[in-house]
Amino acid sequence: MNKIELLNGNEAAAYGAMLSGAEIIPVYPITPQTPLIHKISEFIAKGEFDADLIHLESDQSALAAAVGASLGGARVFTATNSQGLLYMAEVCYYASGLRVPIVMAVINRAVSSPHSRYPDHSDAMALKSSHWIQLFCETNQEVLDTAIQMFRICEDRRVLLPGMFSYESYLLSFTWENVEVPEQEKVRKFVGEYNPEHIILDPDDPMTINAPTTPDYLTEFRYKQKIAMDNALKVIREVGKEFQREFGRFYGLIDPYRVEDAEFVIATMGTIASTAKEVVDEMRAEGKKVGVLRIRSFRPFPREEVKKALKSAEAVATIDRNFSAGSNGALYDEMRSALYNTGIPVKGYIAGLGGRNVSKNDIREVFEDLIQKERLEEISWINLRG
Amino acid sequence: MMEMSEKIDLDQFDKEEFLGPSLKSCPGCSATIVARFALKALGKDTIVIIPASCLATLLATNTQTGIKIPYLHALFECGSSTATGVKHAMMRKGKENVNVVTIAGDSGSMDIGFQALSGAAIRNEDIIHICYDNESAMNTGGQLNSCTPFGARTPDWPLGKRLMKKDAPSIMAAHNIPYVATASISHLEDFYMKLKKAKKIKGFRYIHVLSPCPISWGYDGRYTVEIARKAVESGLWMLYEIENGSFNLTYKPERRIPVEEYLRMQRRFDTLTDDDARKVQEIVNELWRRYEE
Ligand SMILES: Cc1ncc(C[n+]2csc(CCOP(=O)(O)OP(=O)(O)O)c2C)c(N)n1
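In the order they appear, the protein sequences are chains L and R. Under numbering that gives the first Met the number 0, the residue at position 379 of the first sequence is numbered 378, and the numbers go up by one with no gaps. Under numbering that gives the first Met the number 0, the residue at position 190 of the second sequence is numbered 189, and the numbers go up by one with no gaps.
Derived by calculation from the structure, the hints in this document are not laboratory data. Hints are supplied without guarantee of correctness; some may be wrong.
[As the list claims (entries may be wrong)] Which chain L residues face chain R? A few, computed with CB under 8 Å, are given here:
(1) A44
(2) E47
(3) D51
(4) S60
(5) A125
(6) L200
(7) D201
(8) P202
Computed from a prediction, not measured in an experiment: that's the story for all the values here. For glycine and all other residues, C-beta sits at the position ideal for the given N, C-alpha and C.
For reference, chain L alone in the conformation it holds in the complex:
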């Protein structure tokens, strides 16, 4: 029987790792990821979870150990965020190049300086070009379900890439929600076994791994990562459908909310979408044709799905919880690129940095801007103090 438990995001992620049968979990503490680690160690101490939790001496070492363990043939899970994720950056690229399907929870937190413990997406966005799959969750239920799906997606032979699933610090990590916890056996069956053949450290099958390459070689390695990422578009959808058959909940590449006939749409990621969905309901009641397009898969970025979903849109706004000085929010760039040649204007907003609240009123103002066609093709900062 599936049971309902009151879980915060970290606990939901810990359940996901346990139910999926992660074998080796190398970790290093960072707020707000630590309760996830505590939960896993509690599972192990109680004898409920047969995993090897390795306490490394740094975040970077944790991911390096994850790579080593995966190359040794084990299913590997780890978790980090912000400073820890950036400290891992070099190993992130290394892992995806080696095609090790490590699954990592990223509990989005702003990156210092200024120091902040609060949520934004700048940590994950700093690694958007590291060839990892990147999914972003909206609820704790989705966190648990995505953890499970991630192992299937990353270990799929057509993919074989590492993957991060993100959820915002505090807003999800420290917020309790009712979460349906699926049965262990059912999940193990769904996830299956990890039996790597493409890359392995094994004295009975000696391989030299990561030989230095000349200009003759590297391009094709990258191209194969591109193909794998393209394949992931299909695999994420497939796994989503199969998951729905088994567990009754569906998550795809995007999460369109009342978008079908919407003229004005906000595209965003993570928990801002929850607030926006409420505003959409209110404004729909007022007769306004508005909708929310939550992007769940940032890597691979589902351009075709986005374009299809926004067929009837007159204008789109992006709300980015991240920013790159000298450029834009990461989602804005992706959306503009996806909608290139469609004639749909995209207006960008920066909001929620370092945990600043994004209220229903803020969202409503964004919709009003779109409806009044104000300052389209521009970047605005929501709630910026003068």
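We have chain L already, so just place chain R with the ligand on it with the hints.
Chain R with the ligand only, in chain L's frame:
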């Protein structure tokens, strides 16, 4: 000034070779000697992890490899952490008898790699770490590092280093690991014995091998073994092991030769004054005085 090296009887070592033929090492490279004998002693059931270094670079290119056992070229600072993961996977998969060994340069061990190394040592991971010490960051052209000795000049420090060499084996011994040893490529029987002993021990084992480099140290490649021998015979490089905390000198030079005989064979000490050479001799004398006590 060339002296004939003692002939080494290769029959005393295991016959199987795991390195070569297509290694891209310089003539007189001792890193390959370290790797060759380490792998011979450890045997087929071994996985070797080598962080960025000369050795990591010279073993393989593209699809061509010169090593017959599983080899992972690790990130520079991640040798010991990556090896930790590999060993844990072996234990998980019922292959706990597989030797997991990291072979790293002195920067990859004592500078950028030190955090991961110290972490693995204090966790007493079941790993063997071999540091081949060419006293510089050689893969990038021989820059200064914490293992460069007093008085040596490097391309990025042409006046000669004024700071002391890090005492790596003592630092590792302070982690209270079951086995720490020093070795030299000139004393292969001694090195081999230590490798064989380390292989039998469980937990973290550390072997620090003095590993002369003709390019960095400035001498003709044919003298590699000779220079290593002089380092030992002058008493500058002491051969010992620390097994479960107890110190054991494994080789005692009958009559210590003056350290200048070692120093003056190498162009990196060109800027070393006679005063400084005396200072080095003093350091060596003090080392042995402490030992005699
Ligand atoms: C993070 C990082 N910083 C710098 C480098 C450049 N680098 C590669 S090898 C090396 C020196 C290696 O020195 P050592 O460990 O002493 O081995 P050696 O090459 O002397 O054998 C350096 C500086 C790198 N690969 N990665």
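For each hint, the structure was consulted:
Of the supplied interface hints, the one on A44 of chain L is violated, with its beta-carbon coming no nearer than about 18 Å to a beta-carbon of chain R, more than 8 Å. The closest approach between the C-beta of E47 of chain L and any C-beta of chain R is roughly 18 Å, which is over the 8 Å cut-off, so the hint fails. At a threshold of 8 Å, the smallest CB-CB gap from D51 of chain L to chain R is about 5 Å, leaving the interface hint in force. With its C-beta approaching chain R no nearer than about 3 Å, S60 of chain L sits inside the 8 Å limit, and its interface hint holds.
With its C-beta approaching chain R no nearer than about 18 Å, A125 of chain L sits outside the 8 Å limit, and its interface hint is violated. Because the closest C-beta pair between L200 of chain L and chain R is about 5 Å apart, less than 8 Å, the hint holds. Contact between D201 of chain L and chain R, as hinted, is supported at the beta carbon level, the nearest pair being about 6 Å apart and thus within 8 Å. Residue-level restraint check for P202 of chain L holds (minimum Cβ-Cβ distance to chain R is 5 Å; threshold 8 Å).
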